[in-house]
Amino acid sequence: DTAVSQTPKYLVTQMGNDKSIKCEQNLGHDTMYWYKQDSKKFLKIMFSYNNKELIINETVPNRFSPKSPDKAHLNLHINSLELGDSAVYFCASSQALEGRVFFGSGTQLSVL
Amino acid sequence: ILNVEQSPQSLHVQEGDSTNFTCSFPSSNFYALHWYRWETAKSPEALFVMTLNGDEKKKGRISATLNTKEGYSYLYIKGSQPEDSATYLCASLNQAGTALIFGKGTTLSVSS
Numbered sequence: 012d013t014a015v016s017q018t019p020k021y022l023v024t025q026m027g028n029d030k031s032i033k034c035e036q037n038l039g040h041d042t043m044y045w046y047k048q049d050s051k052k053f054l055k056i057m058f059s060y061n062n063k064e065l066i067i068n069e070t071v072p073n074r075f076s077p078k079s080p081d082k083a084h085l086n087l088h089i090n091s092l093e094l095g096d097s098a099v100y101f102c103a104s105s106q107a108l109e110g111r112v113f114f115g116s117g118t119q120l121s122v123l
Numbered sequence: 002i003l004n005v006e007q008s009p010q011s012l013h014v015q016e017g018d019s020t021n022f023t024c025s026f027p028s029s030n031f032y033a034l035h036w037y038r039w040e041t042a043k044s045p046e047a048l049f050v051m052t053l054n055g056d057e058k059k060k061g062r063i064s065a066t067l068n069t070k071e072g073y074s075y076l077y078i079k080g081s082q083p084e085d086s087a088t089y090l091c092a093s094l095n096q097a098g099t100a101l102i103f104g105k106g107t108t109l110s111v112s113s
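Protein chains in written order, with my numbering: chain A, 12 to 123; chain B, 2 to 113.
These aren't lab readings, by the way, just hints derived from the structure by calculation. Just so you know, these numbers come straight off a predicted model, no measurement behind them. One or more hints might be untrue.
Listed below are several chain A residues computed to face chain B (Cβ distance under 8 Å; list not exhaustive) [to be verified]:
| hint | residue |
| --- | --- |
| 1 | Tyr44 |
| 2 | Lys52 |
| 3 | Phe53 |
| 4 | Leu54 |
| 5 | Ile66 |
| 6 | Ile67 |
| 7 | Leu108 |
| 8 | Val112 |
| 9 | Phe114 |
Here are the simulated lysine-lysine pairs, BS3-like style, with alpha carbons at most 30 Å apart [stated by the list, open to error]:
| hint | chain 1 | residue 1 | chain 2 | residue 2 |
| --- | --- | --- | --- | --- |
| 10 | A | Lys82 | A | Lys30 |
| 11 | A | Lys47 | B | Lys58 |
| 12 | B | Lys105 | A | Lys63 |
| 13 | A | Lys55 | B | Lys105 |
| 14 | A | Lys63 | B | Lys43 |
| 15 | A | Lys33 | B | Lys43 |
| 16 | B | Lys59 | A | Lys52 |
| 17 | A | Lys30 | A | Lys52 |
| 18 | B | Lys43 | A | Lys47 |
| 19 | B | Lys43 | A | Lys30 |
| 20 | A | Lys52 | B | Lys43 |
| 21 | B | Lys79 | A | Lys52 |
| 22 | A | Lys55 | B | Lys43 |
| 23 | A | Lys51 | B | Lys58 |
| 24 | B | Lys59 | A | Lys55 |
| 25 | A | Lys47 | B | Lys105 |
| 26 | A | Lys33 | B | Lys105 |
| 27 | B | Lys105 | A | Lys20 |
| 28 | A | Lys55 | B | Lys58 |
| 29 | B | Lys60 | A | Lys52 |
| 30 | A | Lys51 | B | Lys60 |
| 31 | A | Lys51 | B | Lys43 |
| 32 | A | Lys51 | B | Lys59 |
| 33 | A | Lys33 | A | Lys78 |
| 34 | A | Lys82 | B | Lys43 |
| 35 | B | Lys58 | A | Lys52 |
| 36 | B | Lys105 | A | Lys78 |
Listed next, the stretches of chain B that the computed footprint assigns to chain A, with coverage defined by at least 3 CB atoms under 8 Å from CB atoms of chain A [said to hold, decoys possible]:
| hint | stretch |
| --- | --- |
| 37 | 27–36 |
| 38 | 41–48 |
| 39 | 93–101 |
No residue lacks a Cβ here, since even glycine has one placed at the ideal position from N, Cα and C.
Let's have the full structure, built from the sequences with the hints guiding it.
Right, dumping it as structure tokens:
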């Protein structure tokens, strides 16, 4: 009965590969996000979607492409993976932009 | 991008001590201020969402205050317990109101 679920939990891949992380929320929220946790545990906003529409893209390389097929899903596709992409990626959702944010359990991406 | 600052970066207290942390944010175009608790190997969980100047929220031994005119919020923990050990994050909506921007957190360690 997880509110925000993301898969996979761990992703190990080679440099240059293309990979996807899936995210789904069953809370009926209209806003979804992707955050990247850096090595110092800092959560940095990557993308923000409201009702399937992109509303923020914070200086993320265009190798990262979010896809929102419907309000309940926000998947993250990453092309040509680089070593520096290794991090934990958190999906999250909220009801409206000022509502409390619910986080998924994170995907630990390791690029070798 | 909006700058949310937290201090101290880390804090170590003894069981039973009371403690507090600070979050500062730009006071112009303020929408909302959030506090989250982030335990190791888990996802951040919302503690409080505050929107009004002078707001005070309380949850058990944890409370928070908000001053939107001067751009700061305090989080207080009364009688700290080892299970309070976690990173406490504050976050504020950016000026466009399109995403929640997190501070770098205060990591609290409580010894028994």
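Status of each hint after checking the structure:
| no. | hint | result |
| --- | --- | --- |
| 1 | Tyr44 | holds (7 Å) |
| 2 | Lys52 | holds (7 Å) |
| 3 | Phe53 | holds (5 Å) |
| 4 | Leu54 | holds (4 Å) |
| 5 | Ile66 | holds (5 Å) |
| 6 | Ile67 | holds (4 Å) |
| 7 | Leu108 | holds (6 Å) |
| 8 | Val112 | holds (6 Å) |
| 9 | Phe114 | holds (4 Å) |
| 10 | A/Lys82 x A/Lys30 | holds (22 Å) |
| 11 | A/Lys47 x B/Lys58 | holds (29 Å) |
| 12 | B/Lys105 x A/Lys63 | holds (28 Å) |
| 13 | A/Lys55 x B/Lys105 | holds (9 Å) |
| 14 | A/Lys63 x B/Lys43 | holds (27 Å) |
| 15 | A/Lys33 x B/Lys43 | holds (18 Å) |
| 16 | B/Lys59 x A/Lys52 | holds (26 Å) |
| 17 | A/Lys30 x A/Lys52 | holds (23 Å) |
| 18 | B/Lys43 x A/Lys47 | holds (15 Å) |
| 19 | B/Lys43 x A/Lys30 | holds (23 Å) |
| 20 | A/Lys52 x B/Lys43 | holds (12 Å) |
| 21 | B/Lys79 x A/Lys52 | holds (26 Å) |
| 22 | A/Lys55 x B/Lys43 | holds (17 Å) |
| 23 | A/Lys51 x B/Lys58 | holds (29 Å) |
| 24 | B/Lys59 x A/Lys55 | holds (27 Å) |
| 25 | A/Lys47 x B/Lys105 | holds (13 Å) |
| 26 | A/Lys33 x B/Lys105 | holds (26 Å) |
| 27 | B/Lys105 x A/Lys20 | holds (23 Å) |
| 28 | A/Lys55 x B/Lys58 | holds (26 Å) |
| 29 | B/Lys60 x A/Lys52 | holds (25 Å) |
| 30 | A/Lys51 x B/Lys60 | holds (28 Å) |
| 31 | A/Lys51 x B/Lys43 | holds (16 Å) |
| 32 | A/Lys51 x B/Lys59 | holds (29 Å) |
| 33 | A/Lys33 x A/Lys78 | holds (9 Å) |
| 34 | A/Lys82 x B/Lys43 | holds (25 Å) |
| 35 | B/Lys58 x A/Lys52 | holds (26 Å) |
| 36 | B/Lys105 x A/Lys78 | holds (28 Å) |
| 37 | 27–36 | holds (count 3) |
| 38 | 41–48 | holds (count 5) |
| 39 | 93–101 | holds (count 7) |
Consistency with the previously given hints is maintained throughout, with no hint failing.
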